[in-house]
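Given the coordinates of chain A, assemble chain B onto it according to the supplied hints.
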Amino acid sequence: MTHRTDRSLHVAGLARVEGEGAMHVRVDKGEVVGVQLEIYEPPRFFEAFLRGRRHTEPPDITARICGICPVAYQMSACLAIEDACGVTVSPQIQDLRRLLYCGEWIESHALHIYLLHAPDFLGYESAIAMAADHRELVERGLALKKAGNDLLETVAGRAIHPINVRVGGFYRWPEPGALGRLAEQLRVARDVAVDTVRMAAGFDFPDFTQEHEMMALSSPGQYPIEAGTLVTTGGRAFPARLFEEHVIEEQVPHSTALHAHLNGGDHYLVGPTARYTLNSSALSPLAAELAREAGLGRECRNPFRSIVVRAVETLYAVDEALRLIEAYEPSGPSYVDVPPRAGVGYGVTEAPRGVLYHRYELDADGLVKTARIVPPTSQNQASIEHDLYDFVSDRLELSDEQLQWQCEQAIRNYDPCISCSAHFLDFTVSRS
Amino acid sequence: MTDTSARRLPTLAVWKFTSCDGCQLTLLDCEDELLPLAGQVRIAHFLEASRESLPGPYDVSLVEGSVSTPDEIDRLKRIREVSGVLVAIGACATAGGIQALRNFADVDEFRSVVYARPEYVQTLDRSTPASAHVRVDFELRGCPIDKRQLLEVLTAYLVGRKPNIPRHSVCFECKARGTTCVMVAHGTPCLGPVTQAGCGAICPAYSRGCFGCFGPVAVDGAPAANVTGLVERLRALRMADDDIVRALRTFNSAAPEFSDAVPDGPSGRTR
Chain A
1 MTHRTDRSLH VAGLARVEGE GAMHVRVDKG EVVGVQLEIY EPPRFFEAFL RGRRHTEPPD
61 ITARICGICP VAYQMSACLA IEDACGVTVS PQIQDLRRLL YCGEWIESHA LHIYLLHAPD
121 FLGYESAIAM AADHRELVER GLALKKAGND LLETVAGRAI HPINVRVGGF YRWPEPGALG
181 RLAEQLRVAR DVAVDTVRMA AGFDFPDFTQ EHEMMALSSP GQYPIEAGTL VTTGGRAFPA
241 RLFEEHVIEE QVPHSTALHA HLNGGDHYLV GPTARYTLNS SALSPLAAEL AREAGLGREC
301 RNPFRSIVVR AVETLYAVDE ALRLIEAYEP SGPSYVDVPP RAGVGYGVTE APRGVLYHRY
361 ELDADGLVKT ARIVPPTSQN QASIEHDLYD FVSDRLELSD EQLQWQCEQA IRNYDPCISC
421 SAHFLDFTVS RS
Chain B
1001 MTDTSARRLP TLAVWKFTSC DGCQLTLLDC EDELLPLAGQ VRIAHFLEAS RESLPGPYDV
1061 SLVEGSVSTP DEIDRLKRIR EVSGVLVAIG ACATAGGIQA LRNFADVDEF RSVVYARPEY
1121 VQTLDRSTPA SAHVRVDFEL RGCPIDKRQL LEVLTAYLVG RKPNIPRHSV CFECKARGTT
1181 CVMVAHGTPC LGPVTQAGCG AICPAYSRGC FGCFGPVAVD GAPAANVTGL VERLRALRMA
1241 DDDIVRALRT FNSAAPEFSD AVPDGPSGRT R
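First to last, the sequence lines map onto chains A and B.
With my numbering applied, the first sequence covers 1 to 432.
With my numbering applied, the second sequence covers 1001 to 1271.
Misleading hints may appear alongside valid ones.
[Said to hold, decoys possible] The calculated DMTMM-like cross-link candidates involving lysine to aspartate or glutamate, where the alpha carbons are at most 25 Å apart (straight line), are:
1) B:LYS1175 x A:GLU408
2) A:LYS369 x B:ASP1108
3) A:LYS146 x B:GLU1031
4) A:LYS146 x B:GLU1033
5) B:LYS1162 x B:GLU1033
6) A:LYS369 x A:GLU249
7) B:LYS1077 x B:ASP1059
8) A:LYS369 x A:GLU47
9) A:LYS146 x B:ASP1032
10) A:LYS146 x A:GLU326
11) A:LYS369 x B:ASP1242
12) A:LYS369 x B:GLU1152
13) A:LYS29 x A:GLU47
14) B:LYS1162 x B:ASP1137
15) A:LYS369 x A:GLU82
16) B:LYS1162 x B:GLU1152
17) A:LYS369 x B:ASP1032
18) A:LYS369 x B:ASP1125
19) B:LYS1175 x A:GLU153
20) A:LYS369 x B:GLU1109
21) A:LYS29 x A:ASP400
22) A:LYS29 x A:GLU408
Hints are computed from structural coordinates only; laboratory data are not their basis.
Isolated chain A, as found in the complex (with noise of 0.2 Å):
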């Protein structure tokens, strides 16, 4: 079985991704011959029915394209639409826009690290199964991930699909006691947050570097969140209006999501590994300690090692969550109006994913005549393909089941959201 240099090897059902995909790796005569990372889940159109929506509307229809990662698309929508309305919101939103997110990169990073990741690493079918020998990991990732949730509901009153944000602000402030209680457990979050970047430092990494160019937000002297300018490994600096210059989007047969490549470059990654090689400098004071002591260097290339950035981040959002906190004093309104016009507007934010970018072109009653939505998943795809090439190739020597895992692994370093990027997996491998 494991020596055979023709096969196929086949998963139809990939889990602990949010979504539906599949995989399918031939190999012929001893070398891959062929990875198709196909994604499956059923399109829903949402460029298509925003046409026509009021220019306010987009916050709360977005976020609908992703359960995990609402936040994301609130912030990318309200972005775009303010750019083509021409309105720029208070320092006091913008940071209480930031703690918010925060709250989602903790919630988003702790289901990933312990429910999806970890279970790989340790070897398990599933956190639940692990809890039977781990219960007191799992039960630490459970509150991290609680405080996330928490974090969203005091800010915006609900963690999946928010209410309290708008174009132009948020509908009131927060009430600053209800944001000190938070504090408290923010407070002893960080400290599992701590725990969580020293227990994936300890985890068995294989050796495998990937060179892929990487892009992400890069914003003086902070770490990239809510707001930024695009920049690449390869040099590139460009704002959100000139994403689609640089970003070209390609439908491809086998996925419902569509593939990106740089306009003259080839496949690039978005995500916590992007982000990090590309500002590890503006991580905080402590998160850039353990981030030392989990032997990062400034860059990581290790996609692997995915699941400690993701930790770091974490701790990062923690730490940047209580910061804004206690620098929260709500004054004015709690947002601005925002008059439509006739435009168009961009806004890129970094989700939890990678860089997520909307466009929206608004005629002059403020209706929207057309959207465009480029999630971090579909960006991502064809580098997970390049990996899993490289992976594989590597590897034949084991078994189909043993394989299968692997792979099922390299892909889940990258957190995929099918249900953004349309959805995800199910894997064969052939060795005809």
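Relative to chain A, chain B alone:
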């Protein structure tokens, strides 16, 4: 893996159709209850959480998402056959979800807006709730569902009783939490009077009108919402018919009480 416990635990399966994953995530968001729950039920199939998938039959199946492709119709029927109790969770599974906005449009045109090669993409021209295809034992509303309600439904079926889920409107929840009516006091348009309770009336507590996540009020499956009355009230608040149509056609747009409340004339079109 073999189950070594003497007592046979009831089995739970979670299935995804066309959706955002938010309602099944609600189960993982029960941070304090997840591990105790896992001691009471055998989670037999839950792809988002586990690689393990045990064969049916299943005592309880949770179905998230709407039916929007030909394959999904067949899959839902197979799941119905192997499920003792089938619970539809969330607005997609109970009322088509936001993707049911295609039901008012030409899906071929939609497909060509998003995809350069629309022929690669398989889809139905309508997005429909699970109940349009199979018998559904219980519909849990919401976009997303509420986790306390989810735990109530699971608990009820585990002990073999009917779930106790209130069917009154959001207005009752505002009164219960002491929120001043945003429509009466501030003239803020609100769908609370015609929307089923369950969220805890969050929006009015945040100074915004309800936008209908839990769908139209219904008693024993029969429409009970006075949408016509609400539409008159919204018009009196100077809300244009176009905006009223848009407000009623969001996450539960396959529910006719909402989608057909205002005639779909040239000025009433959502797109």
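Going back to the hint list, which numbers does this structure go against?
-> As far as the earlier hints go, 1, 12, 13, 17 are violated by this structure, in ascending order.
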